[in-house]
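Peer 1: Spelled out from the first residue to the last, the chains are:
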Amino acid sequence: MARLLDVKEYKVYYQTLKGQIRAVDGVNFFVNADEVFGVAGESGCGKSTLGNSLIYLKAPMRYAGGNVILDGMEISRLPDEIMKKMRFEKISIIPQFAMDAMSPTKKIKNIVVDLVREHDKKMSEKDIIDLAIKRFKMVGLSENVMNMYSIELSGGMKQRVVMVISTLLNPRLLIADEITSALDVSSQKFSVEMLDEFKEKKFVSSVIFITHDISVLYQIADRIMIMYAGHVVEIGNTEDIVSKPLHPYTKLLISSLPKMGVQFSQNRLTGIPGYPPNLLNPPTGCRFYDRCPLRIDPQKCKNEIPPLVEYMPGRYIACWAYTKGNDKNG
Amino acid sequence: MKKYLTRKIIIYLITFFIAASLDWAIPRLMPGNPVSLIVSRFAQASSGSASQASLVTKQMFDYFMQAFQLNIPWWEQYALFWRNIFTGNLGISMYLYPEPVINIILSAVPYDILFLLPSILLSFWVGNRIGAWAARSKKADNILLPTFYILTSVPYFWLGILLVWIFGTLLRVLPMSGAFSYSMTPSFTFAFIFDYLKHWILPFLSLFIVSLGGWAIGMRNMIIYELESNYSRYMGSLGASQRLIRKYSYRNAILPQVTGLALQLGTIVAGAITTEIVFSYPGIGYILFEGIMNKDYPLIQGCFLFIIVGVLLANFVIDILYMFIDPRVRIAYTEG
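Respectively, the protein sequence lines represent chains Y and S.
All residue numbers for the first sequence refer to this note's numbering, where the first residue is 1 and numbers rise by one.
All residue numbers for the second sequence refer to this note's numbering, where the first residue is 1001 and numbers rise by one.
It should be emphasised that the hints constitute simulated quantities derived from the structure, not laboratory data.
Glycine is no exception: its CB is placed at the ideal position from the N, C-alpha and C atoms.
Covered by chain Y, per the in silico footprint, the following chain S stretches (three or more residues, Cβ under 8 Å):
1. 1230-1238
2. 1250-1260
3. 1322-1331
Simulated restraints on C-beta separations:
4. Y:309 with S:1142: 49 to 55 Å
5. S:1263 with Y:99: 26 to 32 Å
6. S:1117 with Y:99: 39 to 45 Å
7. Y:151 with S:1201: 44 to 50 Å
8. S:1129 with Y:269: 54 to 60 Å
9. S:1224 with Y:144: 33 to 39 Å
10. Y:123 with S:1263: 42 to 48 Å
11. S:1224 with Y:257: 40 to 46 Å
12. S:1142 with Y:255: 54 to 60 Å
For reference, chain Y alone in the conformation it holds in the complex:
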C-alpha cells in the first residue's frame, strides 16, 4: 500500500519564557493512501499540536527536528511561499475551533471565494460559488447559507460549512482535529458519515482523525495511533487496538471506556491514576513510567526511552515489555 504521509522522528516544541515545552517529541508514523488514520490520547498528549504543525507551523510552535514527507516531498521545512501552495490543495485541516473559524463580518460566500482565489486566480467567482453550493447541498445545507454570516449559523451548521470549505480543493490529506468534540451525538454521527462520504467521492484521499474519543475512532478509523505525553505508544489496526491492546497505557485507556450493558452501579468507571508528566522537563525514560502498573524492567523503564518497534506486522509498540527477544530494534 502506498504511503501518503511519512513522519520520522518529528519534533515540535513550544517556545515559552520558562523554556521549551516538548509537545511532540520524536514521533514516527505513516498514513497510507485512502485510509482514515485515527490519533487518540488524553488532553495535552500532543495530538492537536501534531495535526496543526503538519499544515501550519505558527509561533509559538517551533520545528525541532525530524522529517515530514507528503506524497514523496519533504514539507517540514519548506519556505512559507511554497508551503502556502501545498496548504488547502494537498493538505487541509478542519480545525478544532470550527465554531469561530470564520470571520464574523464576512459572508460565507466572500470567505469561500477569497480563500479559493488565493490558490486559483483563474477560477471565476461563479464557478467557485457553484462548486461550494453543490458541496453544501451534499451536507444538507441550503444555498442560502452562502449569503449568511457565520454568526447566523448553528454550531452543527458551522462545523459542516468548515468541513466543506476545507475540502473544496480536494486535498490529498485532511486533518480532522476533534471535529466531533463540540457536537451532540446526532451531529457527531452526521459529521463522521459526511467524512466517509467525502472520502468515497474522492474529495479527500486520507484523513488523520484526531480525537480523545476512542469510540468514535472505532467507527471510522482503519488504523489507530495512541499518543502519550508527546510520544507515540502504540499503532495498529483499529480492531487490534480496541480488542487486544498491548501497551499498558492503551490497555488502561481502553478499559476505562464504558461498556455496553454494564450498569454504573455494578461497575464503577475507573480512570488512570496519576497525571501525565510535565513536558517542560520530561522524565528521561519512558514517559508513562510514573503511572505504569507493569514496569517490566524498572531500571531501564525509568532511564531509557523505549523505541517504537514493529512487534507484529503492522503493529508498532513503544514499551520495554515488547522489545525483548527483538534485538535488532532493542
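Dock chain S against chain Y, hints included.
Peer 2: Only chain S this time, still in chain Y's reference frame:
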C-alpha cells in the same frame, strides 16, 4: 431596523433632556451674579457723585435682571428655558449685548466645521492606517509605538503653544492667532482663502497630531489581537496570503475604532476649546470660554446646547453607520 432606530431615538431623547437640564443648571451654580458684573462695568465707566451712582446702579441692576428674566423663581426660568429651546430662541448675550446668541454661534460654526471635521476624520483615517502598519512590522512598531504614546499623552494646548513658538516666533512663516488677518474681510477670493488656510494649518495640525497617536495605538492593538484569532489561523492553514488575512482583520479591528470615534467626538469638542483659546480661533470653544469668563448665562447655555446637539447627532449617525458595517448589530435588530 425600526426596532433599533426607535430604541436609539428614545435613548437620545432622554440623554438630550438630561444634558440640556444640566446645561441650564450649571451656569446658575457658578458663584456670582452676571448682572452685577455688567453693572460694575458701567459703574466704573460713568462718573458722578456716589449717591447718584448708587441709584443709577440700582436701577440698571433691576433693569437687567428683568431683561434677562433672572428675577423670576427658578422653576419659571427652567420652564422658560425649555419653551425657548422649542421656539428656537436662545436669548440675548449679556457680554456682547444686544447681539442674539444664535447669531454669535452661527458666525462661529463654519470655522469649527472647517477646522474640526478635517482634523478628526483625517487623524482617524491616517491613525488607523499607521497603526495597522505598525502591527505587521516589528521594526516599525519599535519606533512607532513609543512615538504614538508620546503623541497621545501630549496636551492639545501644549502642542499648540509649541507650534506657535516654532512657526510663529522662530521661523516666522505662519500667523500665530485668529482665523484670518485683521486687514481681510471674509470673501470667496483667492487672497482670502490663502490667508485663511495659513491661519488654519497650525490649529489643524495640533489637533490632528495629538489625536493620531490614540487611533494608531488602538488600531495596532486590535490588529494584533485579530491576527491571533482563530479565523486568521484558519485562513493561514488554508494557505491564505498575509495580505488577505490582514484585510480580514482590518475589517474587524475597525469596528471598536468606530465606537471610539463616536465617543471621541464628545471629548474632541472640549479639546478644541483649549486649542481655540491658544490660537484665538473664533470657534464655539473660544466663544464658550469668553461666555464663561463673563458669566454670560445665555451664551454658555447656547454653546453647550450646540455641543450637546452636535455630539448626539454625531453619535446617532455612527449608530446608523454601525448597522451597515457590523452584521452582528444588524442581525440582532432585524430578526425578532
